[in-house]
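With the hints as your guide, set chain B onto chain A.
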Amino acid sequence: MPLIIKDEYPEKLFREDGKRLDGRDKYELRPIKMEVGVLENADGSAYIEWGNNKIYAAVYGPREVHPHHLAKPDRGILRVFYRMATFSVFERKRPAPGRREKEVSMVITDCLEPVLFLELYPGTAFEVFINVMDADGGTRCACTTVAALALADAGVPMRSLVTAVAVGKIDGELITDLSGIEDKAGEADLPCAMTWFNEELSLLQFDGSMDLDEFSKCLSLAKDAISKIYEIQLDALKKKYIEIQEEYSGGEKKE
Amino acid sequence: MEHEKDEPNEDPTGDTSEDVDIDEFDDEETSRDLVVPGEILSEDTKNFLPGRGTIFNKDRSKIISLNIGLKQVKRNYINVIPLRGFYTPRPGDKIIALVTDKNPVKYICDINSKDNGVLKPKNTVKRGKPRGYRGGASDDQDNSTEKYEIGDILIVKVLSADRLNKPELTTVGKYLGKRRDGLVITIDPPKVPRVIGRSGSMIKMLKNLTKSNIFVTQNGRIWLKGDDLAHERLLIDAIRKIEKEAHTVGLTDRMSEYIENEKKIRGMN
Numbered sequence: 000m001p002l003i004i005k006d007e008y009p010e011k012l013f014r015e016d017g018k019r020l021d022g023r024d025k026y027e028l029r030p031i032k033m034e035v036g037v038l039e040n041a042d043g044s045a046y047i048e049w050g051n052n053k054i055y056a057a058v059y060g061p062r063e064v065h066p067h068h069l070a071k072p073d074r075g076i077l078r079v080f081y082r083m084a085t086f087s088v089f090e091r092k093r094p095a096p097g098r099r100e101k102e103v104s105m106v107i108t109d110c111l112e113p114v115l116f117l118e119l120y121p122g123t124a125f126e127v128f129i130n131v132m133d134a135d136g137g138t139r140c141a142c143t144t145v146a147a148l149a150l151a152d153a154g155v156p157m158r159s160l161v162t163a164v165a166v167g168k169i170d171g172e173l174i175t176d177l178s179g180i181e182d183k184a185g186e187a188d189l190p191c192a193m194t195w196f197n198e199e200l201s202l203l204q205f206d207g208s209m210d211l212d213e214f215s216k217c218l219s220l221a222k223d224a225i226s227k228i229y230e231i232q233l234d235a236l237k238k239k240y241i242e243i244q245e246e247y248s249g250g251e252k253k254e
Numbered sequence: 000m001e002h003e004k005d006e007p008n009e010d011p012t013g014d015t016s017e018d019v020d021i022d023e024f025d026d027e028e029t030s031r032d033l034v035v036p037g038e039i040l041s042e043d044t045k046n047f048l049p050g051r052g053t054i055f056n057k058d059r060s061k062i063i064s065l066n067i068g069l070k071q072v073k074r075n076y077i078n079v080i081p082l083r084g085f086y087t088p089r090p091g092d093k094i095i096a097l098v099t100d101k102n103p104v105k106y107i108c109d110i111n112s113k114d115n116g117v118l119k120p121k122n123t124v125k126r127g128k129p130r131g132y133r134g135g136a137s138d139d140q141d142n143s144t145e146k147y148e149i150g151d152i153l154i155v156k157v158l159s160a161d162r163l164n165k166p167e168l169t170t171v172g173k174y175l176g177k178r179r180d181g182l183v184i185t186i187d188p189p190k191v192p193r194v195i196g197r198s199g200s201m202i203k204m205l206k207n208l209t210k211s212n213i214f215v216t217q218n219g220r221i222w223l224k225g226d227d228l229a230h231e232r233l234l235i236d237a238i239r240k241i242e243k244e245a246h247t248v249g250l251t252d253r254m255s256e257y258i259e260n261e262k263k264i265r266g267m268n
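Just so you know, the sequences run in chain order A and B. Numbering that gives the first Met the number 0 puts the first residue of the first sequence at 0, with every later residue one more than the last. Numbering that gives the first Met the number 0 puts the first residue of the second sequence at 0, with every later residue one more than the last.
Extracted from the complex, chain A is given alone in its bound form (with noise of 0.2 Å):
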C-alpha cells in the first residue's frame, strides 16, 4: 500500500499567540541574503536566499540571438529563462518548461524591459538563467529581485534596480510576504515589483479576493517591504567592491 500525502492544509494560518506558522509578525520579512558574483563563467551572476528559497541568477550578454529569427533589427531584447530544479519542491518537478514556467518567464521580462537601454543593442539578446533550487512561495519575487541583481552585476546600464516582493490576505488579515502554505491556503496573493526610476510600479498580478480598501492599503505595505529589500540589494551590490577597497585603504579612506 503506498504512501499517500494529500495536500492538508491547517485550518488556521495564524498561531495561538498571533503569530503567523513560521513565527513571523504580519508584516515581517523572511531572512534574506544575496551575494553577487557567485558564477565564475557567466558575465553577471547572483544568488538569493529568501526563507527558504534558494535561488541562482546568470546574465549573458549582450549576444548573438538564437534561434536568429527573433533578434529585432532595431533593438536587443531580453529574454529570461526561468527554471526550477526537479528537487526544489515536495514531488518531482518535472524537468521540462510547462505553463507555470513559461509565464513566470514573461512576467520577469516584462518586468524588467523598461529598466534596460535595450534600443543601444539592436540585433542582440540579454540572457537571463534563473534557476530555482528551493522553492518556498513567492519565487517570481525573488526571481526578479535576483534577475536585477545580476543584470547589474554584468554591469548592463540600467535606470534602475528592480525589487519585488508578495504581499496578501490570509484568515482575513494582510500580510507581507507569503510563504508557500500561506500562499496555497490564504485568500489573496499580490505580488508586485518595483523600479526606483521614478518609484513606479513594474509588475503587479493579483489571485484571490480583497476589497479596495484592503488593496490599497496592500499596495502601501509593499512599498514598504520594498525599501526594506532595496536596502539588502544594495548592500549586496557593493559588498564585493567595499570589502576589496577597505582591505587596502589604510587608514585613507575618503568620506
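Read the hints as simulated data drawn from the structure, not as lab findings. Remember, predicted model here, so these are calculated numbers, not experimental data. Mixed in with the good hints there might be a few duds.
[As the list claims (entries may be wrong)] In silico EDC-like cross-links for lysine to aspartate or glutamate, where the CA-CA straight-line distance does not exceed 20 Å:
1. A:LYS11 x A:ASP182
2. B:LYS165 x A:ASP73
3. B:LYS243 x A:ASP234
4. B:LYS57 x A:GLU198
5. B:LYS240 x A:GLU246
6. B:LYS240 x A:GLU39
7. B:LYS243 x A:GLU34
8. B:LYS146 x B:ASP109
9. A:LYS238 x B:GLU242
10. A:LYS32 x A:ASP16
11. A:LYS222 x A:ASP234
12. A:LYS239 x B:GLU244
13. B:LYS243 x A:GLU246
14. A:LYS239 x B:GLU242
15. B:LYS165 x A:GLU63
16. B:LYS57 x A:GLU118
17. A:LYS238 x B:ASP32
18. A:LYS71 x B:ASP114
19. A:LYS239 x B:ASP187
20. B:LYS57 x A:GLU112
21. B:LYS240 x A:GLU242
22. B:LYS61 x A:ASP182
[To be verified] Some chain B residues well away from chain A (every beta-carbon gap over 10 Å; in silico):
23. GLU38
24. ASN46
25. PHE85
26. LYS101
27. PRO103
28. LYS125
29. GLY172
30. TYR174
31. ARG197
32. GLU244
[To be verified] What follows is a set of in silico ranges between Cβ atoms, one per label pair, in the way DEER data are often shown:
33. A:LYS239 x B:ASP227: 30 to 38 Å
34. A:ILE243 x B:ILE149: 34 to 42 Å
35. A:VAL37 x B:LYS73: 28 to 36 Å
36. A:ILE243 x B:ASP43: 25 to 33 Å
37. A:PRO30 x B:THR99: 25 to 33 Å
38. B:ARG31 x A:LYS183: 42 to 50 Å
39. B:ARG31 x A:ARG98: 44 to 52 Å
40. A:ILE243 x B:ASP227: 28 to 36 Å
Ideal placement from N, C-alpha and C gives every residue a C-beta, glycine not left out.
Just chain B now, kept in the frame of chain A:
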C-alpha cells in the same frame, strides 16, 4: 616565411599609451564613492549635467547612475566610471582579434564584442607594397596582401564601428598584424585603463620589473611575452591582481611592492 621583416615590431616600446583615456581611474577628482544603478548622484541640476554613464530622471530633477562604478565630477559633468561591462568597438581602437572564419572576400574575427569583426583583404595590404590592380587578386606567389589562417591572433585597428553594422578592421599600421608568439589573456574591458595607469605608469612598471613585452588593447585582451615562463606567470598574476583591485587607491605603488615581494618568494633574480 619570406616576409618576416614585414611582421610587427616585436619590441614595441611605449606602444599602448597613445590612444587610451588614461586618466580615468587615477584622476584627482575621481572619488572612491561606489554607486549602483538607480542611485541618485545629485539633485543640483542647475550646476551639473549628466555625463558618461548617467542620466536625468523623467522630470529632470535628479541625476541618476546607470552602472555600478565610481562617481566622478569633472567640470560641470557628473560621470560614472563603470567597474563591470562589455567592450563596444570605437573607430581607432587597437584590439586583439582571433580569426574564426575566412572566405575569399573577408576574414571573420572574434573581437570580444557583441559583433564579430570583419577584416577585408584590401585592409591587409603589406607594408611598402602598393596594392595591385583589382585588389591584388593575382595568382603570383608574391601577393600584395597578407594571408591569415583560422586561429591566427592579430593585432588590428578598428576602421569603422557603429551600432548597426559589423565593425571593420585593418592590419595596416604600426604594431599591427599577426603575432606568432607570446600569450594572450583576457580581462574585464572597463579595467583596461587601470592596467595602463596614468600616462602609462603602471605598464612601464610592469615592463621594467618583469622584463616582458606587454601590449594592452581596448577590448580587454593583453598580449604578453616574457624572457621565461616564471616571469610570464608573475606578470599574469600581477595583472589579475590589478583587475581585482582596480577601484582602490595607490595601486601602482602597491603593485610594484607586490612584484618585488613575489620575486623574492619565487626565487627570481
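Here is how each hint holds up against the structure:
The straight-line distance between the Cα atoms of LYS11 of chain A and ASP182 of chain A is roughly 13 Å, inside the 20 Å bound, and the hint therefore holds. For the hint linking LYS165 of chain B to ASP73 of chain A, the alpha-carbon distance of about 15 Å falls within 20 Å, and the restraint holds. Distance check on the hinted pair: LYS243 of chain B and ASP234 of chain A sit about 19 Å apart at the alpha-carbon level, within 20 Å; holds. Distance restraint check for LYS57 of chain B and GLU198 of chain A: the Cα-Cα separation of roughly 11 Å lies within the 20 Å cut-off, and the hinted pair is therefore satisfied.
At roughly 13 Å between alpha-carbon atoms, LYS240 of chain B and GLU246 of chain A fall within 20 Å of each other, so this suggested pair holds. This hinted pair checks out: LYS240 of chain B and GLU39 of chain A have alpha carbons roughly 16 Å apart, not beyond 20 Å. Taking the CA atoms of LYS243 of chain B and GLU34 of chain A, the gap is near 17 Å; set against the 20 Å cutoff, the hint holds. Of the supplied pair hints, the one linking LYS146 of chain B and ASP109 of chain B holds, its CA atoms being roughly 17 Å apart against a limit of 20 Å.
Only pairs whose Cα atoms come within 20 Å are accepted, and LYS238 of chain A paired with GLU242 of chain B is accepted, the gap being roughly 17 Å. The suggested pairing of LYS32 of chain A with ASP16 of chain A is violated, with an alpha-carbon distance near 28 Å, which exceeds 20 Å. For the proposed pair LYS222 of chain A and ASP234 of chain A, the alpha carbon gap of about 19 Å is at most 20 Å, so the pair holds. A threshold of 20 Å between alpha carbons decides the hint, and for LYS239 of chain A with GLU244 of chain B the separation of about 11 Å falls inside it, so the pair holds.
Annotation: proposed proximity of LYS243 of chain B to GLU246 of chain A holds, straight-line Cα distance about 12 Å (limit 20 Å). Using a Cα cut-off of 20 Å, the hinted pair LYS239 of chain A and GLU242 of chain B holds, with the two alpha carbons roughly 13 Å apart. A C-alpha spacing of about 12 Å is found between LYS165 of chain B and GLU63 of chain A, which places the hinted pair at or below 20 Å, so the restraint holds. Only pairs whose Cα atoms come within 20 Å are accepted, and LYS57 of chain B paired with GLU118 of chain A is accepted, the gap being roughly 18 Å.
At roughly 13 Å between alpha-carbon atoms, LYS238 of chain A and ASP32 of chain B fall within 20 Å of each other, so this suggested pair holds. Straight-line distance between C-alpha atoms of LYS71 of chain A and ASP114 of chain B comes to about 15 Å, which keeps the hinted pair within the 20 Å bound. The hinted pair formed by LYS239 of chain A and ASP187 of chain B meets the criterion: a straight-line CA distance of about 16 Å does not exceed 20 Å. The hinted pair formed by LYS57 of chain B and GLU112 of chain A meets the criterion: a straight-line CA distance of about 17 Å does not exceed 20 Å.
Among the hinted pairs, LYS240 of chain B with GLU242 of chain A is consistent with the structure: their alpha-carbon atoms are about 15 Å apart, no more than 20 Å. At most 20 Å may separate the alpha-carbon atoms for a hinted pair to count; LYS61 of chain B and ASP182 of chain A exceed this at roughly 39 Å. Non-interface call for GLU38 of chain B relative to chain A: violated, since the shortest CB-CB distance, roughly 8 Å, does not exceed 10 Å. Non-interface call for ASN46 of chain B relative to chain A: holds, since the shortest CB-CB distance, roughly 22 Å, exceeds 10 Å.
Distance check for PHE85 of chain B against chain A: the nearest CB is about 7 Å away, which does not clear 10 Å, and the non-interface claim fails. Every C-beta of chain A lies more than 10 Å from that of LYS101 of chain B, the closest at about 19 Å, which supports listing it as non-interface. With a least CB separation of 24 Å from chain A, PRO103 of chain B remains clear of the 10 Å interface cut-off, as annotated. Annotated as non-interface, LYS125 of chain B keeps its C-beta farther than 10 Å from every C-beta of chain A; the closest such distance is 33 Å.
No Cβ of chain A approaches the Cβ of GLY172 of chain B within 10 Å, the least distance being about 28 Å, so the stated non-interface status holds. Residue-level check passed: TYR174 of chain B sits 29 Å from the nearest beta carbon of chain A, beyond 10 Å. At the 10 Å boundary, the C-beta of ARG197 of chain B stays outside the reach of chain A, the nearest C-beta of that chain being 18 Å off. The claim that GLU244 of chain B lies off the interface is violated: its Cβ sits roughly 6 Å from the closest Cβ of chain A, which falls inside the 10 Å cut-off.
Between LYS239 of chain A and ASP227 of chain B the beta carbons are some 35 Å apart, a value that agrees with the proposed interval 30 to 38 Å. Between ILE243 of chain A and ILE149 of chain B the CB atoms are about 40 Å apart, so this pair conforms to the stated range of 34 to 42 Å. VAL37 of chain A and LYS73 of chain B have their C-beta atoms about 34 Å apart, which keeps the hinted 28 to 36 Å range intact. For the pair ILE243 of chain A and ASP43 of chain B, the beta carbons lie near 31 Å from each other, so the given range of 25 to 33 Å is met.
Our hint of 25 to 33 Å for PRO30 of chain A and THR99 of chain B is violated, since their Cβ atoms are close to 47 Å apart. The given range of 42 to 50 Å is respected by ARG31 of chain B and LYS183 of chain A, whose C-beta atoms sit roughly 48 Å from each other. For ARG31 of chain B and ARG98 of chain A, the Cβ-Cβ distance of about 49 Å falls inside the hinted range of 44 to 52 Å, so the restraint holds. Between ILE243 of chain A and ASP227 of chain B the CB atoms are about 31 Å apart, so this pair conforms to the stated range of 28 to 36 Å.
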